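Undergrad: Given next are the chains, with one letter for each unit.
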Amino acid sequence: MYFHNPLKNDRCAVSEEDILEVSVWRGTGDTGEYETFQVPARESQTVLDVVTWIQQQIDPSLSYRYACRVGMCGSCAMMVNGEPRWTCRTHVKKVTRDGALQIGPLRNLPTIKDLAADMDPFFDKWIAAGGVHTPSRSRAEPIAEVSPEDPGRVEANKGIECINCSVCYAACDTVANTPDYLGPAALQRAWTLYNDSKVEDRQAVLDAVSKNNGCHNCHTQGSCTQYCPNELDPLSAIAGLKRASAKSFLFKSKEDRQ
Amino acid sequence: MNLGLYMAQRLSAMVMVPLVFGHLGVMIYAIQGGLTTAEILERTMGSLWWFLFYGCFVVAVSIHSAIGMRVIVHEVLKLRGLALELVMWAFGISILFLGARAVMAVTML
Amino acid sequence: MPLKIDIERYDTDILILGSGGAGLFAALHAHQSAPAGTKITLAVKGLIGKCGCTRMVQGGYNVALGNGDTVERHFMDTIQGGKWLPNQDMAWKLCEQAVVRVRELENEIGCFFDRMPNGQLHQKAFAGQTADRTVHKGDLTGIEIINRLMEQVLSRPIEKLQEHRAIGLIPNKSGDALAGVLFIDMRSGKFRFVRAKCVMMGTGGGPTMYKYHTPSGDKTMDGLAMALRVGLPLRDMEMVQFHPTGLLAGEHTRMTGTVLEEGLRGAGGQLLNAAGKRFMFDYDDRGERATRDVVSRGIYAEMRKNNNPEQVGMFISMGHLGPENVRQKFAGMVKRCADSGFDLAAGKVEVVPTAHYFMGGVVVDPDTRTAMEGLYVAGEDAGGAHGSNRLGGNGVANSTVYGGVAGDTMGADIRKMPTLRDPDEEILSAEVERAMRPFSNKPANIQTLRNNLQEAMWEDVGVMRTGEGMERGLSRIADLRGELLETGVDASHLAFNLTWHDWLNMASLIDISEVINRAALTRENSRGAHFREDFPEPGELEASYFTVVQKQGDELTVSREDVQFTIVKPGETILPDDEPETLVAAQ
Amino acid sequence: MIRPHRTHPLWFAYMLHRLSGLGLALFLPVHLYVLAMALTRPASLDRFLAFADNPIVKLAEFGLVFLLAVHLFGGLRLLALEFLPWSGRQKSAAAAALAGAFLVSGSFLLRAV
Ligand SMILES: Cc1cc2nc3c(=O)[nH]c(=O)nc-3n(C[C@H](O)[C@H](O)[C@H](O)COP(=O)(O)OP(=O)(O)OC[C@H]3O[C@@H](n4cnc5c(N)ncnc54)[C@H](O)[C@@H]3O)c2cc1C
Ligand code: HEM
Ligand code: SF4
Ligand code: F3S
Ligand code: FES
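Chains as they are written, first to last, in the UniProt record's numbering: chain E, 1 to 258; chain B, 1 to 109; chain L, 1 to 587; chain U, 1 to 113.
In case anyone wonders, no lab produced these hints; they're calculated from the structure.
These numbers come from a predicted model, not from an experiment.
Hints are not guaranteed to be accurate.
As the list claims (entries may be wrong) - Here are the simulated DSBU-like pairs of lysine-lysine, each with C-alpha atoms no more than 35 Å apart in a straight line:
no.	chain 1	residue 1	chain 2	residue 2
1	E	K93	L	K277
2	L	K416	L	K442
3	L	K329	E	K94
4	L	K160	E	K211
5	L	K93	B	K78
6	L	K160	L	K39
Unchecked claim - Anything over 10 Å on all C-beta distances counts as not near chain E; from chain L, calculated:
no.	residue
7	T38
8	I109
9	L121
10	G142
11	R336
12	D339
13	T419
14	E426
15	R434
16	E540
17	D577
Said to hold, decoys possible - Computed footprint of chain B on chain U; a stretch qualifies when at least three of its residues, placed anywhere within it, have a C-beta under 8 Å from a C-beta of chain B:
no.	segment
18	10 to 17
19	75 to 84
Beta carbons: idealized from backbone N, C-alpha and C, even for Gly.
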């Protein structure tokens, strides 16, 4: 096999024995198959580096997506040995099984080509879950004073660093079983909004997640929390939404009667 | 699954918790204490309390399990729309009917 | 050309390129200010909000919000940081409007920046600033800004063209106005020409032609290369900002070059050479806390002294601050280093200066208008606001302020533009042919070329420059251009063909590399990010000039233009007499 | 084979709860039907008692109770998670609930046999 000439300053070149067997999904839409490539193993090597190596050195037609390469943009998630992961921050050594890797496009989303998934449904649901701030003040007014210890703020902060990578969405079987289901990331965003003291109409947030496709579909599988690369906890956020909506269900009907 | 169904399922589950504990407790106690089924039945027959106890359970379980089945059928068999509603109601009503007969048998005869 | 060319045509009213801070704000403001019914389209090389560098902003956003700090002080820091080269009207507008923009981000867009216990915004000071003015959200400020902006844009009726790569600005027949933009729909591999009355370009520059670089992979100077081809003047093109501490993890990993945040040095991180000795005090009294350009040159100089091929970079060491403390304070950084196998908290991590930001860009007026009717430029693609150096925290302020300005300006201007313009079909097909050029050659490895370009730029037009080195650089670039034009791409699968786009990236990078090189040769002094060993002095400040590069026909012309001191002259200040030099408490 | 992304305690807890719920939903009607029929048709207790002694019926009845116990504890876990201010310790809660379920049903099993 062809070895890329190790560059001048590359101290990480390895002997020929260190070869990774990498099978990569090739295809568009629902059709395709896994194709196997041999990639030299390196010291600091991420799964994205492996994919890149294949595209740059073996098969120029391989399609995938990445942008920031440091775990900030959430563009590079794929299925690695059956588990959803951000590939730019996943060290190969942590995931290989007997020197083998299987890399596929993210689950629960349509595949555009090879390893690139169409993320539109994920974002459509983000918006459908009401995941957008409605202006509370204008740009001419001062910024709201909010204590960092405010309980709502503390709660919102727990979920705010989501990079919308869709790893949780790919891990969730409820998304697979109920394609309309808004999914963990969108619901977690709704929960941060619900807790944001700048949001005026909290009931609107609850209403958006209480429809047929909403938070009540979640079966607490916990795969979302298990796999979130940023160690966020959508499971608890969704539980929070369920609790808040249940409360509003009981109270609202009382108020209506009065 | 929306908020209404969710509340119905969770509230009915909450109703069932003490009832199931009670029922299991009686069963364990009965078997351990050497009580025969006949003796139990003798106690329940004609008892309004037992009627209400099992009656509540049957109502709650028909709501709860009908919604539960709806979810499973929807997720696994991908049923939706009217068909899904029909499955849920049919299942709920059958359980309610069967349950009502059993409660009658246990408490009224 | 043997292949039959099919160009899909599409019309819109306002077209925006890029979805960083500039692009998203332009879309929102255009939506707010344009007449009802105006069609707005956002086209982007990746996914909306998920590409570009605004999302990668860590440190934060400069804005003077009182507590002693003023817009005047922010302005003076910006001018001094830019070594008197900034366009003062642009710098002023940047500082003044940042105040409005941050309120807009908080109140209307829904961002939440870190607060002090009293509930007010928390602000800190980056190197080179005289007040605590950087607003932030932990060290993931860009994610907060872009996620919230992205939600706003996605929830509005704005048309999306995702994974659409702009490859040519197409003027009208008379060449005095822009007719539209030619794209490749990357998912299908097809060409699409979009006509628009107003186009805002916010493709974010991106000095990724250097061996070590921080920006996201989608940024390859496409916008500036397109502007150059259509004849627009580019200014300050020699000004490439290097961040002193890029991660060095080997050439085979994309992690290499990514930034280790500035806060590490601010908190007391030490830079050590191969012998394990601290060296920054040999170069500057402030040691590791000196500004980015100074520290980058310090590291670069040590690297040159070292000359050991086994040991390329220098080291950053945090251990003396207590590993637990570091782990807690820089959780994100520690985790990121751990992912590539380094222990930042207790061990030392190899670092190298890394190309970070591009000060140069298209010449624009403070309303983002360019010399070409219908074309507006904002963000990192626009030159002028930063001069020779950008203050940490002024980058995202610049893209969000001017993106919004562009949106407002287009919303107003479009009322005076009744019709779409027809493109010059010859230029259109010439651009298509340019993009299809690799299909007529034998496929070969493009990455090797990219590596060679990155070596050339790093060695010859990098942190420290000489006339001799840059002459060599020019000939290396010319050779690489020749090689690229002979390098082919297999045309059998055009859908999502990254290798084709690698080729196009290289084409943009080579064009702009040459421009950087020529502008740098023309500046015979050292200012801010531009340092010439053969001309180490800054030159007379009163006689400051900026460089302008323009393409006329096939020729690049480089000229010098005098900086207009419209607000403040060198040696003077607009701060009141009794103002202290700095409001930042000494560390 | 269980897909890799499912191999963690919370997912198993979910599947156990679903299977026990499904099992209950399918066997409860049978239980109710048999109960009612045994009691109403012949209108005699003896008949029922004989029937209840049938080992197959015994096993089925036991299965029902077993499922009920599993489902009950799983359900309590879910209700607690959803309605009580939860801590970040769902995993151990899941494990404890399952252990409890097995303990109770196990002890029942021992006594019944
Ligand atoms: C790691 C890092 C950290 C930073 N930290 C800070 C900081 O703390 N504070 C600060 O002020 N600044 C910081 N900056 C700088 C700041 O990110 C930029 O100055 C600013 O965000 C640029 O915004 P922009 O909108 O012009 O471009 P970007 O945000 O880069 O967006 C460019 C957009 O254009 C798209 N695009 C590119 N080419 C094409 C094409 N051909 N066709 C269509 N679309 C295209 C891209 O995909 C992207 O969407 C940092 C930069 C980096 C890389
Ligand atoms: C004893 C008290 C009970 C409690 C506390 C309880 C609790 C619950 C809860 C919380 C759920 C929701 C699970 C989810 O959405 O993931 C559920 C689901 C379900 N329950 Fe119960 N339940 C009880 C009794 C029963 C009984 C007696 C039956 C059957 C007759 C039953 C059948 C079901 C079914 C079929 C489901 C759907 C399972 C799924 O969606 O995965 N439950 N139960
Ligand atoms: S919650 Fe975590 S896994 Fe899900 S999209 Fe956000 S960052 Fe990704
Ligand atoms: S994995 Fe899915 S079912 Fe709920 S807890 Fe997470 S969203
Ligand atoms: S490339 Fe941005 S998260 Fe991986």
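Undergrad: The structure should be examined with respect to each hint, and the outcome stated for every one.
TA: Consistency of the hints with the structure:
1. K93(E) <-> K277(L): holds (33 Å)
2. K416(L) <-> K442(L): Not satisfied, since the Cα-Cα distance of roughly 49 Å exceeds 35 Å.
3. K329(L) <-> K94(E): holds (26 Å)
4. K160(L) <-> K211(E): Between K160(L) and K211(E) the Cα gap is close to 27 Å, so the pair holds against 35 Å.
5. K93(L) <-> K78(B): Violated - the C-alpha atoms of K78(B) and K93(L) are around 57 Å apart, more than 35 Å.
6. K160(L) <-> K39(L): holds (11 Å)
7. T38: holds (21 Å)
8. I109: violated (6 Å)
9. L121: violated (6 Å)
10. G142: Answer for G142(L): violated, closest chain E Cβ roughly 7 Å.
11. R336: Given that some Cβ of chain E is not farther than 10 Å from that of R336(L), nearest at about 6 Å, it is violated.
12. D339: violated (5 Å)
13. T419: Given that every Cβ of chain E is farther than 10 Å from that of T419(L), nearest at about 33 Å, it holds.
14. E426: holds (31 Å)
15. R434: holds (20 Å)
16. E540: Given a closest Cβ separation of 41 Å, the condition holds.
17. D577: holds (30 Å)
18. 10 to 17: Our answer is that it is violated, as 0 residues pass the Cβ test (under 8 Å) against chain B, missing three.
19. 75 to 84: holds (count 5)
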